[in-house]
Amino acid sequence: GAVVSQHPSRVICKSGTSVKIECRSLDFQATTMFWYRQFPKKSLMLMATSNEGSKATYEQGVEKDKFLINHASLTLSTLTVTSAHPEDSSFYICGYSYPGDTQYFGPGTRLTVL
Amino acid sequence: GENVEQHPSTLSVQEGDSAVIKCTYSDSASNYFPWYKQELGKGPQLIIDIRSNVGEKKDQRIAVTLNKTAKHFSLHITETQPEDSAVYFCAASNGNQFYFGTGTSLTVIP
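Just so you know, the sequences run in chain order A and B.
Take 141 as the starting number for the first sequence in our numbering and just add one per residue.
Take -8 as the starting number for the second sequence in our numbering and just add one per residue.
These aren't lab readings, by the way, just hints derived from the structure by calculation.
Be a bit skeptical, because a hint or two may be false.
What the hints assert, rightly or not - Straight-line C-alpha distance at most 27 angstroms; calculated DSS-like pairs for lysine-lysine:
| no. | chain 1 | residue 1 | chain 2 | residue 2 |
| --- | --- | --- | --- | --- |
| 1 | B | K33 | A | K206 |
| 2 | A | K204 | B | K33 |
| 3 | A | K154 | A | K182 |
| 4 | A | K182 | B | K28 |
| 5 | A | K181 | B | K13 |
| 6 | B | K62 | A | K182 |
| 7 | B | K13 | A | K160 |
| 8 | A | K181 | B | K33 |
| 9 | A | K182 | B | K33 |
| 10 | B | K13 | A | K182 |
These numbers were taken from a predicted model, which means no experiment stands behind them.
So that you can see chain A by itself, here it is in the shape it has in the complex:
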């Protein structure tokens, strides 16, 4: 299967700071990417979807000014959590896919906001 990397794997930051998470597809170029948030023992909650050449489409209830997504290229996407607060602490996972194909996930980033 495809290889997707995410960095950092875990980050601890102070409340009010911004945190950037990188997601790279290492061996394929995908047109669609997804960012998910996962709470302990819960399913993946889709935050936003972005297609090549267009801005991200955010799911209802997700603040686009707080969770900035940049689909820089077919192999790189970043999620920036701005002015992070303790309630933003979570496991963030990115995913890449081709239309009609499966979705490949990154290993996830554990964010802890103190």
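Let chain A serve as the given structure and place chain B on it in line with the hints.
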């Protein structure tokens, strides 16, 4: 929109026994059904998938069945091993969006 339900939420089996996880979906436009395995602290990994033009697919100890009419699909793991212990997610896709089940925590008891 699509609604994917998954059962059971937790499942414990003895090593060597079989495990079955079931999912239902609501949108007849869904045509792709992957299954993912997620180990603690890691991202989900695709383990098997099936498309709507196929009724069953098998890969060694893992198999998936699909009933389009009833809108349900199942994951079957035979001869379970302790390393099969993980959370398993089903998903349904219409080719663009993915909708995930709520997950099944499988524990294989040695």
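Problem set entry | Structure versus earlier hints, numbers of those that do not hold, lowest first | 7
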